[in-house]
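First to last, the protein sequences are chains P and E. Just add 927 to wherever you are in the first sequence, counting from 1, and you've got this note's numbering. Just add 460 to wherever you are in the second sequence, counting from 1, and you've got this note's numbering.
Please note: incorrect hints may appear among the correct ones.
Once the Cα atoms are required to be at most 20 Å apart in a straight line, the calculated EDC-like pairs of lysine to aspartate or glutamate come out as [stated by the list, open to error]:
#  : chain 1 : residue 1 : chain 2 : residue 2
1  : P       : K1083     : E       : E523
2  : P       : K1009     : P       : E1085
3  : E       : K637      : P       : E959
4  : E       : K525      : P       : E960
5  : E       : K525      : P       : D1163
6  : P       : K1161     : E       : E618
7  : E       : K525      : P       : E1031
8  : P       : K1083     : E       : D516
9  : E       : K606      : P       : E1124
10 : P       : K1009     : E       : D516
11 : P       : K1161     : E       : E576
12 : E       : K606      : P       : D1165
13 : E       : K637      : P       : E1031
14 : P       : K1012     : P       : E1085
15 : E       : K525      : P       : E989
16 : P       : K1161     : E       : D526
17 : E       : K525      : P       : E959
18 : E       : K637      : P       : D1049
Source of the hints: derived by calculation from the structure; they are not laboratory data.
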Amino acid sequence: MKKRLVPILIALISVFQALSAGVDDVLSFISEENAEGYLRPLVTSLGLGLNSGLYHTAAVSEKFSFGISLRASVMLIPEDHKSFKPSTPAGYVSGTTSTVFGGEPGYSYGPDGYVSYPGGFDVAHMPIAFPQISLGYRGFELTSKFIPKQEIGEGKSEFYFYSFALKHEVSRYFRFLPLNAALQIGTGKIKFSDQLEFNNMVFNAIASKRFGIATLYGGLGYQHTAVDVNYTTKGDPDNADPLLHESRDINLNIRGDNGVGVTLGTMIKLTYFVLNIDYTYNSQSVLSTGLSLEF
Amino acid sequence: MKILKIIITFGVLASMFFMTGCDQFENFSVNVPLTITFNESTQNSTINRVESYDLDNNSVYNEYKDRIENFEFVEARYVVTEIDPADLTGDIVLTVRRDDEDGHVLFTAERTFDPETDLNTSYDFVLTAEEISFFNSYLMATGGSKVFWGEADITNIEGSSETKEVTVKVHLLLKAKGTL
Chain P
928 MKKRLVPILI ALISVFQALS AGVDDVLSFI SEENAEGYLR PLVTSLGLGL
978 NSGLYHTAAV SEKFSFGISL RASVMLIPED HKSFKPSTPA GYVSGTTSTV
1028 FGGEPGYSYG PDGYVSYPGG FDVAHMPIAF PQISLGYRGF ELTSKFIPKQ
1078 EIGEGKSEFY FYSFALKHEV SRYFRFLPLN AALQIGTGKI KFSDQLEFNN
1128 MVFNAIASKR FGIATLYGGL GYQHTAVDVN YTTKGDPDNA DPLLHESRDI
1178 NLNIRGDNGV GVTLGTMIKL TYFVLNIDYT YNSQSVLSTG LSLEF
Chain E
461 MKILKIIITF GVLASMFFMT GCDQFENFSV NVPLTITFNE STQNSTINRV
511 ESYDLDNNSV YNEYKDRIEN FEFVEARYVV TEIDPADLTG DIVLTVRRDD
561 EDGHVLFTAE RTFDPETDLN TSYDFVLTAE EISFFNSYLM ATGGSKVFWG
611 EADITNIEGS SETKEVTVKV HLLLKAKGTL
């Protein structure tokens, strides 16, 4: 298992390194008024990614249980998350421009020439993968995923992430129920770079029903994800946007669009091996799959 | 054996996710806007002013220039922003050239200036496909400077005061693409 995990972790950090480097460069040329529209879909995606794969059943063993899994999720970026209407200086007409997931950079023309906005990275789906462990006992299950502190990129930005979720099977108090039911609360953080730090909360109500080796499961969840953004603009007296004339420190808190979502999935358990796949309907759809070893 | 197949399938799927993600976030696309400003006053009936613009002085270009793989012309406009006296008229010829020995013309535009309709009104430079291709080849040329020479040639200047002053701006928008 360790041999498999190492390349996966390296690949995951590479994804974040590429993303971090790209976003850091872009932020130097974007005003605080437009950073929000540009970054919000990324906040949503990372929140959904961090919250994915937290469960594949509502059932929790009464005895001590332990699981280790490898999870991969992909957030499907809808078209309306690829563009936004930017704020423009007086005398300019605002069109639309790319978010971080869009393509071509937008611009508008006005009294001081061209005001330009950064382009996106042309992303149709955003992948995320991580190892996850779980410990269960007497109807409670603690799930955690994390990557220890790393220094990534030329700037040696600090990167790490962690997430904890506590699930409790409530159907153990209602034996007459024809299915298993559980409640889950989770929190997490992604220290993405020196400029971006994501914080996340999630609440899930989960139900599942076992049919032989297969289990159908579903959940209703509420998520709250926000990012603290701290960056410095380059400062260019020739820029047509007066907010970008001088170098300034920008501090923002941007909230993602991930609110209430619904998850439906299925898992198959063969001895100690569990394979699951699910779909989450939220502001961005999420496909998630995982392979676990559970004892 | 079945379990082994499942593990391999899962590994392949996960790898596909990662590879796609890495590729996507490596590509960037940015606009590079620039302005060449001509300001001149005269007591004669003609003005000829030449200004240069070095892309190395552009903050966006400087940030990305070592990683640019494709650099192209998007559009260009010109506008007369200030005149003195208010009734100043004249024939304007604007030209943008390459920074080479022959000063090859990249594009040009002409207009008979009427203050009633033209002050602070922008007009497009209309380029042929050949001119755009020539412009893009200059942008993509390796080595050397990326300097533009702009020339404002204004003739038949008339106005109600002895000294006449005019400010003309040429705005260009370029687009750069590359890999981070």
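Right, here's what the structure says about each hint:
1. P:K1083 x E:E523: holds, 18 Å
2. P:K1009 x P:E1085: violated, 28 Å
3. E:K637 x P:E959: Violated. E:K637 to P:E959 sits at ~24 Å, over the 20 Å cutoff.
4. E:K525 x P:E960: Violated, because 26 Å separates the two Cα atoms, which is more than 20 Å.
5. E:K525 x P:D1163: holds, 17 Å
6. P:K1161 x E:E618: Between P:K1161 and E:E618 the Cα gap is close to 43 Å, so the pair fails against 20 Å, i.e. violated.
7. E:K525 x P:E1031: Roughly 18 Å separates the two Cα atoms, so the pair holds.
8. P:K1083 x E:D516: Violated - the C-alpha atoms of E:D516 and P:K1083 are around 27 Å apart, more than 20 Å.
9. E:K606 x P:E1124: violated, 38 Å
10. P:K1009 x E:D516: Roughly 31 Å between the alpha carbons, so the hint for P:K1009 and E:D516 is violated.
11. P:K1161 x E:E576: Status violated; Cα separation ~39 Å.
12. E:K606 x P:D1165: holds, 18 Å
13. E:K637 x P:E1031: Status holds; Cα separation ~10 Å.
14. P:K1012 x P:E1085: Distance of about 32 Å is beyond 20 Å: violated.
15. E:K525 x P:E989: With Cα atoms ~61 Å apart, E:K525 and P:E989 exceed 20 Å; violated.
16. P:K1161 x E:D526: holds, 18 Å
17. E:K525 x P:E959: Distance of about 25 Å is beyond 20 Å: violated.
18. E:K637 x P:D1049: holds, 12 Å
This entry does not satisfy hints 2, 3, 4, 6, 8, 9, 10, 11, 14, 15 and 17, going by the numbered hints stated previously.
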